[in-house]
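Protein sequences appear in the order of chains A and B.
Throughout the first sequence, residue numbering follows the working numbering, covering 2 to 178 in sequence.
Throughout the second sequence, residue numbering follows the working numbering, covering 76 to 390 in sequence.
Derived from the structure by calculation, the hints contain no laboratory data.
Virtual Cβ for every residue (Gly too), placed ideally from N, Cα, C.
A few of these clues could be false.
Subject to a maximum C-alpha distance of 25 Å in a straight line, what follows is the list of computed SDA-like cross-link-like pairs (lysine to any residue) [unchecked claim]:
id, chain 1, residue 1, chain 2, residue 2
1, B, Lys-222, B, Glu-99
2, B, Lys-110, A, Glu-119
3, B, Lys-110, A, Asp-144
4, B, Lys-222, A, Asp-115
5, B, Lys-139, A, Asp-115
6, B, Lys-110, A, Ser-90
7, B, Lys-110, A, Arg-71
8, B, Lys-109, A, Arg-80
9, B, Lys-109, A, Asp-96
10, B, Lys-228, A, Ala-81
11, A, Lys-12, A, Leu-161
12, B, Lys-109, A, Ile-87
13, B, Lys-139, A, Arg-75
14, B, Lys-87, B, Leu-224
15, B, Lys-109, A, Leu-161
16, B, Lys-87, A, Pro-79
17, B, Lys-109, A, Arg-75
18, B, Lys-110, A, Arg-80
19, B, Lys-109, A, Arg-71
20, B, Lys-228, A, His-43
21, B, Lys-332, B, Gly-233
22, B, Lys-332, B, Tyr-317
23, B, Lys-110, A, Ala-81
24, B, Lys-110, A, Thr-39
25, B, Lys-222, A, Pro-88
Facing chain A, from chain B, some residues (calculated, C-beta under 7 Å) [unchecked claim]:
id, residue
26, Thr-96
27, Glu-99
28, Leu-111
29, Thr-113
30, Leu-378
31, Thr-381
32, Gly-382
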Amino acid sequence: MSVALSAPDIKRALTRISHEILERNQGSSSIVLLGIPTRGAHLAQRIASIISEIEGVDIPCGTLDITLFRDDLRLRAPRAIMPTTIPSSGIEDKDVILIDDVLFSGRTIRSALDALGEIGRPRTVQLATLVDRGHRELPIKADFVGKNLPTSKSQTVRVLLGEIDGRDEVTIEGESH
Amino acid sequence: MRHLLSISDLSKVEAISILDTAHELARVSDGAVKKLPTLRGRTIVNLFAEDSTRTRISFEAAAKRLSADVINFSAKGSSVSKGESLKDTAMTLQAMGADAVVIRHSASGAAQRLADSQWMSGSVVNAGDGTHEHPSQALLDAFTIRKHLGLGKSDLEGLTVAIVGDVLHSRVARSNVLLLSKLGARVTLVAPPTLLPVGVESWPVSVSYDLDSVIPHVDVVMMLRVQQERMSDLYFPNAREYSRYFGLNGDRMSQMKTGSIVMHPGPMNRGLEISAEVADSARSVITEQVTNGVSVRMAILYLLLTGSALEAGSN
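Next up, chain B with everything else stripped away, as it sits in the complex (with noise of 0.2 Å):
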């Protein structure tokens, strides 16, 4: 593995073994060793050209823990505003050395481009891109699913998700339905019509319009945020309605499976998509989430960052 661009370029053994490197490493975060000597000497550089807190943090805190050197660099206050192009701000972070770089960006595919272009040499880990993809989310949103009702399986094997809201938008539920899917969970998008990609139905998923019907037969209900920001068309008539169909409050949750849990990528639109209720139960691994995050991109940076000299004199 020299990259992690998208969910789709991993094969089921890629995606377990990631999650297994996790698990050992979130065992190591919890006992009386919080730094690791693993990546010392390396660089890796947070390129973020989308606002983002919690993705940026945790991959901040994950190198950090393996002794990696972390440059934080977004666009606000850097010469990404002053109209520097990709490619330029690239080959600026060949030039410093990075072994590897972290990146947001608004445009979809720009992890791609990244990667394919000779303009660095090390390895590129999409952040999010656009409306693309988000991998690590996906990854570790497995990885919680698979900690709460894996039952000890390496896959998720019969778990049944339905992914709710703004799929649209959503480049954590497109890494998600590919993830899921390909650990064997059976995933169903739940949505108002307009809120679904075109050509959702070659997705290897199954859609409904009605929440009610879903809530009862699912072990993972995972909310997706509204993502105002990116709508230029009415997608709703508005927010209470979205809200009154799509939204999970205690009354919904009450019909949950024994044993199912909530999960939303953050940040969370309290009492759009989800109640405040819901979101503090004892249902919600929201919390968790960001946890096991942590631990997941650190299995990601080591994956992809030990061996590296190999690769590089392979190549």
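So that you can see chain A by itself, here it is in the shape it has in the complex (with noise of 0.2 Å):
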């Protein structure tokens, strides 16, 4: 096991993204950010209050459960459906970023995408992401990413964050081939 991204790794990388959010977007005016459950919704949260800091006013946002938009649910043991909060505000023509952890095999974010259009139509629909690992199933790819991790495909990437973990840390699993 090796660590890829220390607390303050995190922290900093966090930071970079959240500035390149407002950039990107020309401030903060018509942003909402959609948290991925369970560690991207915590994310969510943390890029919002930082983006909140440096504007000065509360950012909307939200949590984008996905479980029943996937394409293995035949595949796969049934998971339990976790809650979807859409911010008062809406997504119609605002600029969603969409924030998960780990960007691995892009079907997440494909079924992401599918629920999104049940909700509304925004704007333009962004990705964050705190690891990118590699090994794209889908043509997807994130706006903002924390930190490129080249994987082997058998290798485990492990997000750690505070709120769940009780520490911020990410680590790869397994020999690289």
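With the hints as a guide, dock the two chains, each given alone in a separate frame, to form the complex.
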């Protein structure tokens, strides 16, 4: 097991992503953050509070559960459905930033795009991820990346966050080939 | 979970996971999204060999909200009324590729028979078999109770429930006794001795013949329908007497605890086991039970039909 990101690394990455989001969207007036449960939801909260601090305004932040939109429901054991909370301002004509912890095959994000489509029509949808570990199976790419981690498919990337796991850390487990 | 046949097959954890899933699905249905792609391409057959309105419609609505294809199959107007056996019906459904069969049958154990047989490979959901069980009704009742009185807890620990009326013929009562006590509620059955089943003393309940002494102490009063169509003998002298001793009217309702609720699985015999005043009162959650039924049945179908390829592979 090796540590890919320490707690200060994660903090710096999230701060940088927050600034990049503001830069790309020319401020915070139209953005809505949607985290994908469970860890993406906590990352969204953190980014929202960093942006609020920079801009001095509250940032609409919610969660988007994609379980019911997955394409592998027949193949996996049933998953618990997590809450979906859309900010009261809605997503219509907004710049929606999807936030997840690890970007891997891209299938979660495809499901998230389907789920968003049922809720409304954002002006743009952008993707922020703490870790991009490669091995995409779909033509999907992140707009904001905390760290690119080259991995082999057999390795496991674990994201630990203080809110759930008691500490912040990203580790890679298993042998690289 | 492959079939839902009886509450006794469910662990407490499984029952709570069905209620939690239903809770999230209800929030989805309340929101902008009315249709989910979750069960797209799956076929669900409603096989109703006995009359039903709300259960059939509820399962149909649940399946359609999850984008499954629904085939309704009722005894009347099908070859069941020409004498086709359950086996032949099941094999027909298998040949048509049913992923799940929701069965209502007048024979106790029909759903179990269908699930145990090799006649078809899909999941079986018991939507009421004879006087045996009606698990999805009990789950929606537990969901409704938890929503109103659960105080954010996952189970029903410490709540008291009176189930009143025709327990003998009621599969709803049987499933509810099992589920509510599994979830930690204390259940009291209130009925004339003639409408209590043999062996009720082995159930996890207390029994009373006096509704007035029970009413002030319970959080939930669940009225049961007097099932005249199943009554071959005389179980009580006449409807007026039954109504007087075991019916819920406005006077009795006024004795109920503050915050307590009145439930009825439907269809109601207004004026017999429940008065119109009570059925339409603020304490009554009867129409909400119907709404919750759709969410709970969506949860059941979701949990049974996802991962089914996985289970088929491991069998």
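The hints, checked one at a time:
1. B:Lys-222 - B:Glu-99: 12 Å, holds
2. B:Lys-110 - A:Glu-119: 8 Å, holds
3. B:Lys-110 - A:Asp-144: Violated: B:Lys-110 and A:Asp-144 sit about 30 Å apart, past 25 Å.
4. B:Lys-222 - A:Asp-115: Not OK: B:Lys-222 and A:Asp-115 at ~30 Å, beyond 25 Å, violated.
5. B:Lys-139 - A:Asp-115: Judged against 25 Å, a Cα distance of about 18 Å means the pair holds.
6. B:Lys-110 - A:Ser-90: 22 Å, holds
7. B:Lys-110 - A:Arg-71: 14 Å, holds
8. B:Lys-109 - A:Arg-80: 20 Å, holds
9. B:Lys-109 - A:Asp-96: 24 Å, holds
10. B:Lys-228 - A:Ala-81: Measuring from Cα to Cα gives roughly 17 Å; hence the hint holds.
11. A:Lys-12 - A:Leu-161: Distance of about 13 Å is within 25 Å: holds.
12. B:Lys-109 - A:Ile-87: The given pair, whose Cα atoms are some 15 Å apart, holds under the 25 Å limit.
13. B:Lys-139 - A:Arg-75: 18 Å, holds
14. B:Lys-87 - B:Leu-224: Answer holds: B:Lys-87 to B:Leu-224 is near 18 Å, not above 25 Å.
15. B:Lys-109 - A:Leu-161: Measuring from Cα to Cα gives roughly 35 Å; hence the hint is violated.
16. B:Lys-87 - A:Pro-79: Holds, because 17 Å separates the two Cα atoms, which is no more than 25 Å.
17. B:Lys-109 - A:Arg-75: 22 Å, holds
18. B:Lys-110 - A:Arg-80: 19 Å, holds
19. B:Lys-109 - A:Arg-71: 17 Å, holds
20. B:Lys-228 - A:His-43: Given pair B:Lys-228, A:His-43 holds - Cα atoms ~24 Å apart, limit 25 Å.
21. B:Lys-332 - B:Gly-233: 15 Å, holds
22. B:Lys-332 - B:Tyr-317: 24 Å, holds
23. B:Lys-110 - A:Ala-81: Judged against 25 Å, a Cα distance of about 19 Å means the pair holds.
24. B:Lys-110 - A:Thr-39: 23 Å, holds
25. B:Lys-222 - A:Pro-88: 24 Å, holds
26. Thr-96: 6 Å, holds
27. Glu-99: It holds, given that the least Cβ distance between B:Glu-99 and chain A is near 4 Å, below 7 Å.
28. Leu-111: 5 Å, holds
29. Thr-113: For B:Thr-113, the interface hint holds, since the closest Cβ of chain A sits about 4 Å away, which is under 7 Å.
30. Leu-378: 5 Å, holds
31. Thr-381: 4 Å, holds
32. Gly-382: 5 Å, holds
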